[in-house]
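Peer 1: Chain by chain, the residues run as shown.
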Amino acid sequence: MSQVLNNSVAQATGDLYAEVQAFYARQMRRADSLDIEGFAETFTDDGEVVHADGGRTAGRAEMIAAMRARLPRYEGVSTQHWFGQLLIERLADGALGVSYYTLVAQMGEEGLSFQPTYTVDDVLVRDPGGSLRTRSRIIRRSGPVRR
Amino acid sequence: MSQVLNNSVAQATGDLYAEVQAFYARQMRRADSLDIEGFAETFTDDGEVVHADGGRTAGRAEMIAAMRARLPRYEGVSTQHWFGQLLIERLADGALGVSYYTLVAQMGEEGLSFQPTYTVDDVLVRDPGGSLRTRSRIIRRSGPVRR
Amino acid sequence: MSQVLNNSVAQATGDLYAEVQAFYARQMRRADSLDIEGFAETFTDDGEVVHADGGRTAGRAEMIAAMRARLPRYEGVSTQHWFGQLLIERLADGALGVSYYTLVAQMGEEGLSFQPTYTVDDVLVRDPGGSLRTRSRIIRRSGPVRR
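Protein chains in written order, with full-length UniProt numbering: chain G, 1 to 147; chain R, 1 to 147; chain L, 1 to 147.
Same shape as in the complex, but just chain G (with noise of 0.2 angstroms):
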């Protein structure tokens, strides 16, 4: 993070911001319409994340086995996944590290709820077609900050 916030990081173009938030927007279509498999194929074949609570899949098998438990909590609602004030930095071996906050609403039959906010890490690469993938992410939950 600390390269993420220095001005020094050198500025992403309009070209990639826009494609980097077109990314983000197809990946989020399909993890809101439970398209496991479809979400699953936007990450690299050994993609990592690492989940605020700890838990960590490697690989889409993994990742999959793990979307798979967690379907009963999102089914009877809709899902939005929100992304925020979002930050490119392009990294030495040409991969690129974006930050990112999360809100998550929820409307199920009681109305619209929201998840914990969340920042998330992602490294995204290209594949051989030029496209974007996610290699790996982690999520933090926000915590409170202490001085």
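FYI, nobody ran anything at the bench for these hints, they're computed from the structure. Just so it is clear, the structure is predicted and the values come from calculations on it, not from any experiment. Just so you know, not all the hints are guaranteed correct.
[Unchecked claim] Quick list of the computed label-pair ranges, beta carbon to beta carbon:
| id | chain 1 | residue 1 | chain 2 | residue 2 | range |
| --- | --- | --- | --- | --- | --- |
| 1 | L | A61 | G | A52 | 36 to 46 angstroms |
| 2 | G | A61 | R | R56 | 22 to 32 angstroms |
| 3 | L | S113 | G | I139 | 49 to 59 angstroms |
| 4 | L | G94 | G | S113 | 24 to 34 angstroms |
| 5 | R | L71 | L | D46 | 17 to 27 angstroms |
| 6 | L | R73 | R | S33 | 26 to 36 angstroms |
| 7 | L | D35 | G | H51 | 20 to 30 angstroms |
| 8 | R | Q115 | G | E41 | 48 to 58 angstroms |
| 9 | G | D93 | R | R141 | 55 to 65 angstroms |
| 10 | R | A58 | L | A92 | 36 to 46 angstroms |
| 11 | G | H51 | L | S33 | 20 to 30 angstroms |
| 12 | G | S113 | R | A92 | 35 to 45 angstroms |
| 13 | G | S113 | L | A61 | 25 to 35 angstroms |
| 14 | R | R56 | G | A58 | 34 to 44 angstroms |
[Claimed, not checked] Chain R stretches covered by chain G per the calculated footprint, using a threshold of three residues with CB under 8 angstroms from any CB of chain G:
| id | region |
| --- | --- |
| 15 | 85 to 93 |
| 16 | 107 to 121 |
| 17 | 129 to 140 |
For glycine and all other residues, C-beta sits at the position ideal for the given N, C-alpha and C.
Since the structure of chain G is already known, use the hints to place chains R and L on it.
Peer 2: Structure of chains R and L alone, referenced to chain G:
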């Protein structure tokens, strides 16, 4: 939506992404300030809106009449329409297909509340002066996902 | 605002849109991590802020003192400042006028809550190194619309 979700859709440039975002920022400033005529001007003369409840308006006169009828529920509160996870695709006829999530925050005497979340599919076209206008809008209330 | 709402305002390029979004993403990471000095550095030396309650700070020293005084209400909670519906216009003196909606999400021991929504009007300028800084900020609490 299937086209929008397909990675093979031509990537919107950064300039187009910024232009579309600015179009919506202006359109929603007008909606949120209850400038009904100004809002209607951001649609084409024959602009159509299909609401989540199935209601439909065709053309600016109907749109203005329908908005006037809904005015009482917006008086005394302050409304912010937020758009997220925007997806832009270029359609065959040169129009733009744009899909986005909406979150509507309202500040009233009892504090902040939220309307239900929606997913919206717009078709935007350019007027003779080159400015974007909304030709059609389909608003879908996010329903529970059933598998 | 009338200028911002006018379609004839020169369109911000994708590069500028991405740069301004990244500027705010960094500025708000500092605010939300209670890095008061780092936050103040994103303003010009003589930067002015007019708060929604009419309070006003002029210059970094006053800004830092005012933020220190407000610190207790941010301790023990985690804050995310979200910005939306961003509008950018180029002002006559080369500065940028930027208008946006804000949504402030706070995670505390009792879960997620939201502060009132605001509309903010900023003037951004470039420092000698070419980086953006905020020269002035006017924060308006969204009030009920009366016609």
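Peer 1: Each hint should be assessed against the structure and marked as holding or not.
Peer 2: Verification of the hints:
1. L:A61 x G:A52: 36 to 46 angstroms: holds (38 angstroms)
2. G:A61 x R:R56: 22 to 32 angstroms: violated (46 angstroms)
3. L:S113 x G:I139: 49 to 59 angstroms: This hint is violated: roughly 21 angstroms between Cβ atoms.
4. L:G94 x G:S113: 24 to 34 angstroms: violated (45 angstroms)
5. R:L71 x L:D46: 17 to 27 angstroms: violated (43 angstroms)
6. L:R73 x R:S33: 26 to 36 angstroms: Given a distance of about 30 angstroms, which is inside 26 to 36 angstroms, the answer is holds.
7. L:D35 x G:H51: 20 to 30 angstroms: holds (26 angstroms)
8. R:Q115 x G:E41: 48 to 58 angstroms: At 33 angstroms between Cβs, range violated.
9. G:D93 x R:R141: 55 to 65 angstroms: violated (44 angstroms)
10. R:A58 x L:A92: 36 to 46 angstroms: holds (42 angstroms)
11. G:H51 x L:S33: 20 to 30 angstroms: With Cβ atoms ~22 angstroms apart, the hint holds.
12. G:S113 x R:A92: 35 to 45 angstroms: holds (40 angstroms)
13. G:S113 x L:A61: 25 to 35 angstroms: violated (42 angstroms)
14. R:R56 x G:A58: 34 to 44 angstroms: violated (49 angstroms)
15. 85 to 93: holds (count 4)
16. 107 to 121: holds (count 5)
17. 129 to 140: Result for this restraint: violated, n = 0.
When the structure is compared with the earlier hints, violations turn up for hints 2, 3, 4, 5, 8, 9, 13, 14 and 17 and for no others.
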